[in-house]
Structures are given as C-alpha cells and as structure tokens.
Amino acid sequence: MEIQDSKSTLQVIPRNNEKIKKIWKTAGILLAITVAEFVMAFTMDRGILLYALFIILTIWKAKYIMMEFMHLGDEVKPLFYSIIVPLIFLVWLLIALAKEGSDIFMMRW
Amino acid sequence: MSAHSTAIGVSSKRGTWGGGNEPLKASYGKLMMWFFLLSDIFTFAAFLISYLSIRLGYPAYNGPADSFVGSNEYWPVPELVFEAVPFLHGFHAPLVFVGIMTFILISSSVTMVLAVEAGHRNDRNDVVKWMLWTMVGGITFLSCQAWEWNHFIHGTDAGSIMTYVNSLSREVTETVFGANLVVNEYGPPAFAQLFFFITGFHGFHVTIGVVLLFLAFYQAAVGVYDRRGHYEMIEKIGLYWHFVDLVWVFVFTLFYLI
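In order, the protein sequences belong to chains A and B. Numbers given in the numbering used here equal positions in the first sequence, counted from 1, plus 118. Numbers given in the numbering used here equal positions in the second sequence, counted from 1, plus 9.
Chain A on its own, in the form it takes in the complex:
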C-alpha cells in the first residue's frame, strides 16, 4: 500500500528481521500452548491435576504476552515491580475465594 503525502521528516529505519523472527516465534509458542491445552481437555481426566496444569499453562502464556508483546521486561525495574507486585495479592484472593467456594459446596451438599 503506497500512501501519498510525504511531509514526513522522519527517517524510516529498515526492518530488523531478527526482531520480527522473535515475534513470530513467540506467536508460535502461544499457539502451541493453546493447542496443548486443547488436547489435554479431551485426553486427560478432569480433576485437580488437570486444572492445576491449565492454570500453570495459562500463567505461562500470560508471561509471554506481558514480557514479549507488551515489553514489560524492557521497562525500568520500579515500573516492572509496580505492575507485578500488586498482582501477587490476587493470588491470595484466588485462594481465599476458592476455599470459600468449596466450603459452600460442603454446606450445601
């Protein structure tokens, strides 16, 4: 696609194939993990092991998206930690509410 109007004074830097290759590689990893989850959903028995594996794989994917696509790893350390550390509190919320849910289950049934 050629677009007319070239008032631009910006210098266009040529493509860095190394970088673009890395992006596609990350995309490949994300798709591979998703396919693996898909296969596991049909071949493994439902239970705590499968759910734990799903959650680990999901967090692994999240790590790739945040570090490679959102470039969080390239930011300075204080910014990096001010995003990551608050998320640790969510782990507590997750554990607390998962326990709460199973306790409600025990009371009802």
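Just so you know, these hints were derived from the structure itself, not from any lab. In this text, a Cβ means the ideal position worked out from N, Cα and C, and glycines have one as well. Just so you know, not all the hints are guaranteed correct.
[Stated by the list, open to error] Calculated pairs, EDC-like style, for lysine to aspartate or glutamate (alpha carbon to alpha carbon, straight line, at most 20 Å):
{"#": "1", "chain 1": "A", "residue 1": "Lys139", "chain 2": "B", "residue 2": "Asp132"}
{"#": "2", "chain 1": "A", "residue 1": "Lys140", "chain 2": "B", "residue 2": "Asp135"}
{"#": "3", "chain 1": "B", "residue 1": "Lys245", "chain 2": "A", "residue 2": "Glu186"}
{"#": "4", "chain 1": "A", "residue 1": "Lys140", "chain 2": "B", "residue 2": "Asp132"}
[To be verified] Simulated restraints on C-beta separations:
{"#": "5", "chain 1": "B", "residue 1": "Glu180", "chain 2": "A", "residue 2": "Ser200", "range": "25 to 33 Å"}
{"#": "6", "chain 1": "B", "residue 1": "Pro73", "chain 2": "A", "residue 2": "Val194", "range": "49 to 57 Å"}
{"#": "7", "chain 1": "B", "residue 1": "Ile217", "chain 2": "A", "residue 2": "Ile166", "range": "44 to 52 Å"}
{"#": "8", "chain 1": "B", "residue 1": "Phe44", "chain 2": "A", "residue 2": "Val209", "range": "45 to 53 Å"}
{"#": "9", "chain 1": "B", "residue 1": "Ile217", "chain 2": "A", "residue 2": "Pro204", "range": "28 to 36 Å"}
{"#": "10", "chain 1": "A", "residue 1": "Trp142", "chain 2": "B", "residue 2": "Val181", "range": "29 to 37 Å"}
{"#": "11", "chain 1": "B", "residue 1": "Gly24", "chain 2": "A", "residue 2": "Asp192", "range": "22 to 30 Å"}
{"#": "12", "chain 1": "A", "residue 1": "Ile202", "chain 2": "B", "residue 2": "Val78", "range": "38 to 46 Å"}
{"#": "13", "chain 1": "B", "residue 1": "Phe186", "chain 2": "A", "residue 2": "Tyr169", "range": "27 to 35 Å"}
{"#": "14", "chain 1": "B", "residue 1": "Phe51", "chain 2": "A", "residue 2": "Asp192", "range": "21 to 29 Å"}
Using the hints provided, position chain B relative to the given structure of chain A.
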C-alpha cells in the same frame, strides 16, 4: 520513546526534582496506560475469581458425556455446552469454535505487535498494513462472539426440563430453551449470568479496542504521527490490545477448559 520529550529550555543541571524528567523513564501516556490496565486487571480478576468461587460451590456433572442433560442441580461441563459451530447444525464439535476465536485473537495480537515494531521504525506503510490486519482480527472476533451469544441465548433443539422460580415468584417445571438471566437450559442460573457478564465485559473491551485501533489506523494513514514525530500512540493502543488478549487467555481457561 523517552528521547523526544525533553522540553525546550530544561537544563540538565536541574536534577531529579527540577522538572523535565520522565518518572520511571516512561512517557506520561504509557505510564497511565499501564496503571489503567492494572486497575482493569483487578476488575477482571474480581469477575473471574467470583466465577471460580461460585463454580466450586456447585457439584460438577461427572456422568458420561453422551447422556448429559442440563440441570440447575450441577454445573455443566463446558465442552458439552459449547459444542456448536456455524453452518453445521446439529454437528457435535466440542470447543472447536471457541478454539478458532482464541486463534483469531492471538493472531490479531501478533499483528498488533508487528504494527508497534513498525512504529518504532517510523515505517508508516507497515504500521497502516498491520493496523488494518489487527482491526480485521478484532472485528472477526466480535462477529464470532455475536454468533456464540446468539447460539447460547437461543439454545439447542431439545432444551432441558428445569424446575425453577420464575419472574412471578412461582415455582415451575417446564422445558427451557437457551439462556437468560433467570433460567438457562445448561446449568444453574449463575452459569448463564456469569457467562453474559464476563464474556460481555470482555467483548465490550474488544469493541472499545477496535474503535481505538481504527482511530490510530486513520491517524497513521493520514500522517498525523509523522508530523508529530513519533508513533507512540500505536504503542499505547498496542498495550491495550494485548491486555484484551491477555484477559481472553484467562477467560478461555476458566470458562471453556475448567
């Protein structure tokens, strides 16, 4: 892109507190986008963790897959609920359609990161090309979700027999087709309520994202960013778009796999 923003007249002798510095070496817009996304992560986490909590409060269906009937006594298995694909009526294809949706959204995230990369190189043609592909991905995803909702709301041919309290506070037993906020043929009312709220809230984010993508695409195409001297807007919208993908990764796991 911190290099461009040195204000005119700021002397390097002013030091840390003299102004003209960028906190955390990120521009104002990028920093605020990160903190907005952090607050949005909390909102989605509240939704998804509530889902997990409510789901664990119900027994799960654990009979054989081919004799599954919806009931509000137990939570349905997702692969027995989400098993339809467009144009193939009555064809049993568990999770195939949602797998395609995930693939589309991840692909659009990849084209977005390629647009950001092109923006770093000030390459307007590449930015415009990849933004266009990202928009196509976003719109396709939304269309898929519209179909998915439509199917979920209208339900299967057979429906399920449910006993529930209707909107007139009467207990009724009847065949229920599809889903609404009072009753659904798949499982407990909370199942459909959470489905509508969580995927709806995510879809709302995708819709906003497509609007932002279009604005950035247009501005890049007419040369606004060239005149401005940098393509940081692509980067900021890229952050938002990757976040939408990130949330979907979790929605996919919790809703469709577990």
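Now the hints, each set against the structure:
1. Between Lys139(A) and Asp132(B) the CA atoms are separated by roughly 18 Å; this keeps the pair inside 20 Å, and the hint holds.
2. Under the criterion of a C-alpha separation no larger than 20 Å, the hint pairing Lys140(A) with Asp135(B) is consistent with the structure, at around 17 Å.
3. Restraint check for Lys245(B) and Glu186(A): the C-alpha separation of about 15 Å stays at or below 20 Å, so the hint holds.
4. Taking the CA atoms of Lys140(A) and Asp132(B), the gap is about 19 Å. The hint holds against a cut of 20 Å.
5. At roughly 52 Å, the beta-carbon separation of Glu180(B) and Ser200(A) lies outside the given 25 to 33 Å, and the hint is violated.
6. Between Pro73(B) and Val194(A) the beta carbons are some 55 Å apart, a value that agrees with the proposed interval 49 to 57 Å.
7. Distance hint for Ile217(B) and Ile166(A): a CB-CB separation of about 37 Å, inconsistent with the stated range 44 to 52 Å.
8. Separation of Phe44(B) from Val209(A) is about 20 Å and departs from the stated range, judged on CB atoms against 45 to 53 Å.
9. About 23 Å separates the C-beta atoms of Ile217(B) and Pro204(A), a value inconsistent with the hinted range of 28 to 36 Å.
10. Range check, Trp142(A) to Val181(B): about 55 Å between beta-carbon atoms, so the 29 to 37 Å window is missed.
11. At about 26 Å, the CB distance of Gly24(B) to Asp192(A) agrees with the hint of 22 to 30 Å.
12. Checked against the hint of 38 to 46 Å, the C-beta distance between Ile202(A) and Val78(B) comes to roughly 45 Å, which is consistent with it.
13. Separation of Phe186(B) from Tyr169(A) is about 31 Å and conforms to the stated range, judged on CB atoms against 27 to 35 Å.
14. Between Phe51(B) and Asp192(A) the beta carbon distance is about 24 Å. The supplied range of 21 to 29 Å therefore holds.
In summary, the structure is inconsistent with hints 5, 7, 8, 9, 10 from the numbered list given earlier, while agreeing with the others.
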